[in-house]
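Residues 1 to 278 (this note's numbering) make up the sequence shown, in order.
Note that these hints are calculated values from the structure, not bench results. Just so it is clear, CB atoms sit at the ideal spot from N, CA and C, and this is done for glycine as well. Careful, some of the hints might be misleading.
Unchecked claim - Computed beta-carbon distance windows for the label pairs:
no., residue 1, residue 2, range
1, D187, A124, 33 to 41 Å
2, R257, P17, 18 to 26 Å
3, I259, C230, 48 to 56 Å
4, E262, R237, 12 to 20 Å
5, D187, D148, 36 to 44 Å
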Amino acid sequence: MPQPAPAVQRSGGPIAPHLRRLLEFVEPGREDVCLDVARGRGPMPAALAPQVRHVTAVDAMPEPPARADTSGRMSTIEFGTGPVRITGDGGPDGDRPAAATTREDRVRHPIGPDRPTIKADATALPYRDNAFSLVTARFSLYTLGDPDDVLRELLRVCRPDGRVIIADLVRGNLAGPERDRIERLRDPDHPGTPSIARLTEMITSAGGSIRRLDVFTVERPIEPWLAGACDDAAADRIREALLDEVDGGPKTGAKPRVIGGELWFTQTWAHVAAEPIP
Numbered sequence: 001m002p003q004p005a006p007a008v009q010r011s012g013g014p015i016a017p018h019l020r021r022l023l024e025f026v027e028p029g030r031e032d033v034c035l036d037v038a039r040g041r042g043p044m045p046a047a048l049a050p051q052v053r054h055v056t057a058v059d060a061m062p063e064p065p066a067r068a069d070t071s072g073r074m075s076t077i078e079f080g081t082g083p084v085r086i087t088g089d090g091g092p093d094g095d096r097p098a099a100a101t102t103r104e105d106r107v108r109h110p111i112g113p114d115r116p117t118i119k120a121d122a123t124a125l126p127y128r129d130n131a132f133s134l135v136t137a138r139f140s141l142y143t144l145g146d147p148d149d150v151l152r153e154l155l156r157v158c159r160p161d162g163r164v165i166i167a168d169l170v171r172g173n174l175a176g177p178e179r180d181r182i183e184r185l186r187d188p189d190h191p192g193t194p195s196i197a198r199l200t201e202m203i204t205s206a207g208g209s210i211r212r213l214d215v216f217t218v219e220r221p222i223e224p225w226l227a228g229a230c231d232d233a234a235a236d237r238i239r240e241a242l243l244d245e246v247d248g249g250p251k252t253g254a255k256p257r258v259i260g261g262e263l264w265f266t267q268t269w270a271h272v273a274a275e276p277i278p
């Protein structure tokens, strides 16, 4: 029988339920030497630090283009169930990247207020092979360069008996393209949401063996998510499409509904645990 979730603390109080779910999936151990690769400064290093021996945080956010003015762990696949409800702006678009440090640093540092996140290229990480027992990438795989190259690097720096944890948005294997239309209205550069099968295929093609899989539905209010829309007109078009669906109109794939007078929508998230294939 599943055990109650532990109360995991971060500076400022308990962490959000969706991040706690990811930490439980990761199964951090006291002897783990961890690498987190993120776009900007994500929440994983601070959440992992109290539970492991060492954490290295890499900010692999690509430089913007120049423009004018702008061990007892499970060894078989398991399928989790949801849903998870997020009441604020948590999630992939809620992790606002902080200003990246420009320090060229090849030495691993513990996570703390006086320790900057290391700036590095996710497709050419400055670490030797098999350097880490735990490697994590949360909602960043498709924004750090070619995802196949990123996956090969994450697996390269992971020990043969370690694990790579990928957390990202997915769509069901039978889902249509409607959902990406909404995502691209919000962000014209959105790379598209992979199917669950496509994500796992990419990991195995890069040299990983899938060990565990947790796929679940997240329901969240629309307004914090729309705060990241490219412009107000795009946000209005998304609201209109979702409200139209609530009233029986065309499907968007977002499964919207009105809760307490507020418009909510759904996303599908996946946590994947893989091991490098020797």
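Hints versus structure:
Roughly 26 Å separates the CB atoms of D187 and A124, a value that falls outside the hinted 33 to 41 Å. Checking the proposed 18 to 26 Å range against R257 and P17 shows it holds: the Cβ atoms sit about 20 Å from each other. Distance hint check for I259 and C230: the Cβ-Cβ separation is about 26 Å, which falls outside the suggested range of 48 to 56 Å. Roughly 19 Å separates the CB atoms of E262 and R237, a value that falls within the hinted 12 to 20 Å.
Remark: the range hint 36 to 44 Å for D187 to D148 is contradicted by a beta-carbon distance near 22 Å.
Checked against the numbered hints above, the structure breaks hints 1, 3, 5 and satisfies the rest.
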